[in-house]
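Asks: Single-letter residue listing:
Number of protein chains: 2
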Amino acid sequence: MSLFNRLVATALPAVPKGLVRKVSSRYIAGDGIEDAVRVVAELNRSGAMATVDVLGEDIERKEEAIATADAYRAVLKEIEARKLDGNVSVKLTALGLKLDKDFCLETVEKLVRDAAARKSFVRIDMEDSSCTSDTIETYRKLRARGLDNVGIVLQAYLRRTAADVESLLDLSPNIRLCKGIYVEPRRVAFKDGAIVNRSYATLLERLLDGGAYVGIATHDEKLVFEAERLVRARKLDRARYEFQMLLGVERELRDIVMASGHRMRVYVPYGKSWYAYSVRRLKENPAIAGHVVRAMLARK
Amino acid sequence: MSLFNRLVATALPAVPKGLVRKVSSRYIAGDGIEDAVRVVAELNRSGAMATVDVLGEDIERKEEAIATADAYRAVLKEIEARKLDGNVSVKLTALGLKLDKDFCLETVEKLVRDAAARKSFVRIDMEDSSCTSDTIETYRKLRARGLDNVGIVLQAYLRRTAADVESLLDLSPNIRLCKGIYVEPRRVAFKDGAIVNRSYATLLERLLDGGAYVGIATHDEKLVFEAERLVRARKLDRARYEFQMLLGVERELRDIVMASGHRMRVYVPYGKSWYAYSVRRLKENPAIAGHVVRAMLARK
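Residue numbers (the numbering used here), protein chains in the order written: chain U, 1 to 300; chain W, 1 to 300.
Bound conformation, chain U alone (with noise of 0.2 Å):
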């Protein structure tokens, strides 16, 4: 993390959440539902692909898990009523990981079926490390109950990343890889950006040549450099492949990459439970932090 991060997240707790609303509504679609299908719809007229979160991470109640699984169905639903080009992520923790896993696994089997029968996918999250060995696992179970139509999302910042691409490879997996934004400790996650980097280039040339369909997660150009030099290596199809970016990030790297003839999905959050989100994004990004430090200034 750089000094800039740091100081920008030692001073979020200071920031006004209304100002952090304000900042983060370039990256979030709104509160309801009908945000998160009109931007879609507005992405997909763009040229991209979407998939849609609905905010909200850990839980204390197993009906707010229900209520979160409801309101993804609803989801679809909407997405294949108006033809939409979209998909959902959901995060375990939401649907109930770390109250009761069986009960989270049924929660998520019975989405990913109903996923299924619209003839849509759903793209399970990572979250931080205490998530990463039963988020694999839950994975693993509902691939064995005969599901096809989930993904998981691999982090290249950590340690263990390598081995469980490994482990994966045999299911031909549908795998997100993203770099990883929790903050971690340095036995458990690369801390060096450099190191970070050729992770992820080392483990998306695994990943490519072991028969996954990956998504191509990253804002970092040099990432997206070494991803288009693979798939032109190898003559990639284009639908063995997708490159992901965030809503309201890097808009213009997201058209540049289009412009070469990639897919693009862009990850559409929407919901109530905006903050921890918008902290998250934050702290990854001294631009968008810069915005509210301006923001800040112009209020006195």
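Derived by calculation from the structure, the hints in this document are not laboratory data. Treat the hints with care, since some could be wrong.
Pairs of lysine-lysine, DSS-like flavour, derived with a Cα cap of 27 Å [what the hints assert, rightly or not]:
id: 1; chain 1: W; residue 1: LYS98; chain 2: W; residue 2: LYS62
id: 2; chain 1: W; residue 1: LYS283; chain 2: U; residue 2: LYS222
id: 3; chain 1: W; residue 1: LYS272; chain 2: U; residue 2: LYS191
id: 4; chain 1: W; residue 1: LYS141; chain 2: U; residue 2: LYS191
id: 5; chain 1: U; residue 1: LYS283; chain 2: W; residue 2: LYS283
id: 6; chain 1: W; residue 1: LYS283; chain 2: W; residue 2: LYS272
id: 7; chain 1: U; residue 1: LYS98; chain 2: U; residue 2: LYS283
If you want a taste of the chain U side facing chain W, the calculated C-beta under 10 Å gives, among others [unchecked claim]:
id: 8; residue: ALA117
id: 9; residue: PHE121
id: 10; residue: GLU221
id: 11; residue: LYS222
id: 12; residue: VAL224
id: 13; residue: GLU226
id: 14; residue: GLU228
id: 15; residue: ARG229
id: 16; residue: ARG232
id: 17; residue: ALA233
id: 18; residue: ASP255
No residue lacks a Cβ here, since even glycine has one placed at the ideal position from N, Cα and C.
Please arrange chain W on chain U, whose structure you already have, making use of the hints.
Replies: Just chain W now, kept in the frame of chain U:
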């Protein structure tokens, strides 16, 4: 572009022309053909080959293009008469590319045929991205007309270059590979120096493996290292490639490369239109710009 370079670019119009000229004198042979011939002979004695550039870019009348082509013919004649080891580098805009593409093709074709009669070679320089497609097309037409003593330049900073390499390899082309120095929009060119270097190394590897003859044009020792690594791993004969550097730039690295047993060709500009060339060199090279600043301070 670094902050320093940006400052220099901003300050340059304020630098007196006489001063630009004085600083430029180290990387321009002089005003006349006798200056160019003298410098080529010196380079040959030091073990380097040369390529001569008659300064002058965009023109307004066809007569100027014909005068430039005649100047090149005079250079080719002198090189043959004095048994020098040198060829010529031409800019198509100086031969009328922006006035009339067919006229330009005819003019350069005549020059390439004259060079062939003297067993010499014509390198077609690459200019800004508004010229790229037309320049490549002109090269293809010359090759289709049976001329093979002609080569082209590809720029590693352009996003299109990987595709251009693939489309040209069938011709067993003679390619000078450089980073590229014109100011281009992000949609067109990589802006990050690390990406440009990765692009350069990747393109060089593909060109060498694809059977192209490559002029490895760089003053970046990181790229010299990558080039030597690629050449060594392939046990390439030294006749399959050459290094290329500009007159007056990184003389020490030039000597190091030659001492390692590689062939080296130095780009020797001469002529009265030295200003545009000099400003481009000043903008790209903070070390040279430093000389300007020191020279200005010394005048006070």
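Asks: Hint by hint, note whether the structure agrees.
Replies: Right, here's what the structure says about each hint:
1. W:LYS98 <-> W:LYS62: Distance ~10 Å between W:LYS98 and W:LYS62 Cα, so the pair holds.
2. W:LYS283 <-> U:LYS222: Distance of about 25 Å is within 27 Å: holds.
3. W:LYS272 <-> U:LYS191: Distance of about 55 Å is beyond 27 Å: violated.
4. W:LYS141 <-> U:LYS191: violated, 53 Å
5. U:LYS283 <-> W:LYS283: violated, 35 Å
6. W:LYS283 <-> W:LYS272: holds, 20 Å
7. U:LYS98 <-> U:LYS283: The given pair, whose Cα atoms are some 25 Å apart, holds under the 27 Å limit.
8. ALA117: At about 41 Å, which exceeds the 10 Å cut-off, the nearest Cβ of chain W leaves the hint on U:ALA117 violated.
9. PHE121: violated, 30 Å
10. GLU221: holds, 6 Å
11. LYS222: holds, 6 Å
12. VAL224: holds, 9 Å
13. GLU226: This hint holds: U:GLU226 lies near chain W, its Cβ roughly 7 Å from the closest one there, short of 10 Å.
14. GLU228: holds, 8 Å
15. ARG229: Cβ of U:ARG229 sits 6 Å from chain W, so the hint holds.
16. ARG232: holds, 6 Å
17. ALA233: holds, 8 Å
18. ASP255: holds, 8 Å
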